[in-house]
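Enquirer: Sequence:
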Amino acid sequence: MGKETFYAWAAGFFDGEGCVLIELSKEKACKHGYRTSLHATVTQTSVPCLELFLDEFGGSIVSSQNKTPNGRRWAVQYRWSVRNENALAFLKTIYPYAVVKREQIEVALKYQTHSKDGKKFGNKSNPIPDEVMKARLELRKLLQNIRASMKTEAGDPN
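Mapping to my numbering: the sequence shown position 117 is 117, numbers consecutive.
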């Protein structure tokens, strides 16, 4: 399979099984008391297809054994994920082929990881400026709203 075909396949797979989000977590050492990170993930019950993502785009694969509210176990799920710069590189690569998650990818590609002079944000010598953190939080909310607008009621095909 050629690279273009693989990227088109990856975009289609991501459209169906992927998620793009900006995580917010407490971090006392950070200027704002919390940090953000951009994530692109694909969840699946089969590992081989996720290994294709891992081989091409890096990241990691983790497993989880979720249970239903009544305690029955669902199938083991595996999740491939990439963060920050690697997530941006992945999303830029699949963007031309994405359909369902195209708008989410457009939003995520605005996530700023470096200052204009090329320094990575987040270390002591280059803390995240207030305006960049504000923009990240706005992008996070926008992604949440897009995902919420895509959900349908059970039984409603629209």
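Please note: incorrect hints may appear among the correct ones.
Here are the simulated distance ranges between beta carbons [to be verified]:
#	residue 1	residue 2	range
1	63	131	37 to 43 Å
2	115	86	31 to 37 Å
3	34	56	27 to 33 Å
4	75	127	38 to 44 Å
5	61	4	32 to 38 Å
6	148	77	40 to 46 Å
7	138	47	17 to 23 Å
8	8	86	18 to 24 Å
9	137	75	17 to 23 Å
10	145	4	28 to 34 Å
11	63	25	36 to 42 Å
12	137	114	30 to 36 Å
13	45	86	35 to 41 Å
To be clear, the hints were calculated from the coordinates, so they are not data collected in a lab. Beta carbons: idealized from backbone N, C-alpha and C, even for Gly.
Enquirer: Now tell me if each hint is right for this structure.
Expert: So, going through the hints one by one against the coordinates:
{"no.": "1", "hint": "63 - 131: 37 to 43 Å", "result": "holds, 39 Å"}
{"no.": "2", "hint": "115 - 86: 31 to 37 Å", "result": "violated, 19 Å"}
{"no.": "3", "hint": "34 - 56: 27 to 33 Å", "result": "holds, 32 Å"}
{"no.": "4", "hint": "75 - 127: 38 to 44 Å", "result": "holds, 43 Å"}
{"no.": "5", "hint": "61 - 4: 32 to 38 Å", "result": "violated, 24 Å"}
{"no.": "6", "hint": "148 - 77: 40 to 46 Å", "result": "violated, 22 Å"}
{"no.": "7", "hint": "138 - 47: 17 to 23 Å", "result": "violated, 36 Å"}
{"no.": "8", "hint": "8 - 86: 18 to 24 Å", "result": "holds, 20 Å"}
{"no.": "9", "hint": "137 - 75: 17 to 23 Å", "result": "violated, 35 Å"}
{"no.": "10", "hint": "145 - 4: 28 to 34 Å", "result": "holds, 32 Å"}
{"no.": "11", "hint": "63 - 25: 36 to 42 Å", "result": "violated, 21 Å"}
{"no.": "12", "hint": "137 - 114: 30 to 36 Å", "result": "violated, 18 Å"}
{"no.": "13", "hint": "45 - 86: 35 to 41 Å", "result": "violated, 24 Å"}
This entry does not satisfy hints 2, 5, 6, 7, 9, 11, 12, 13, going by the numbered hints stated previously.
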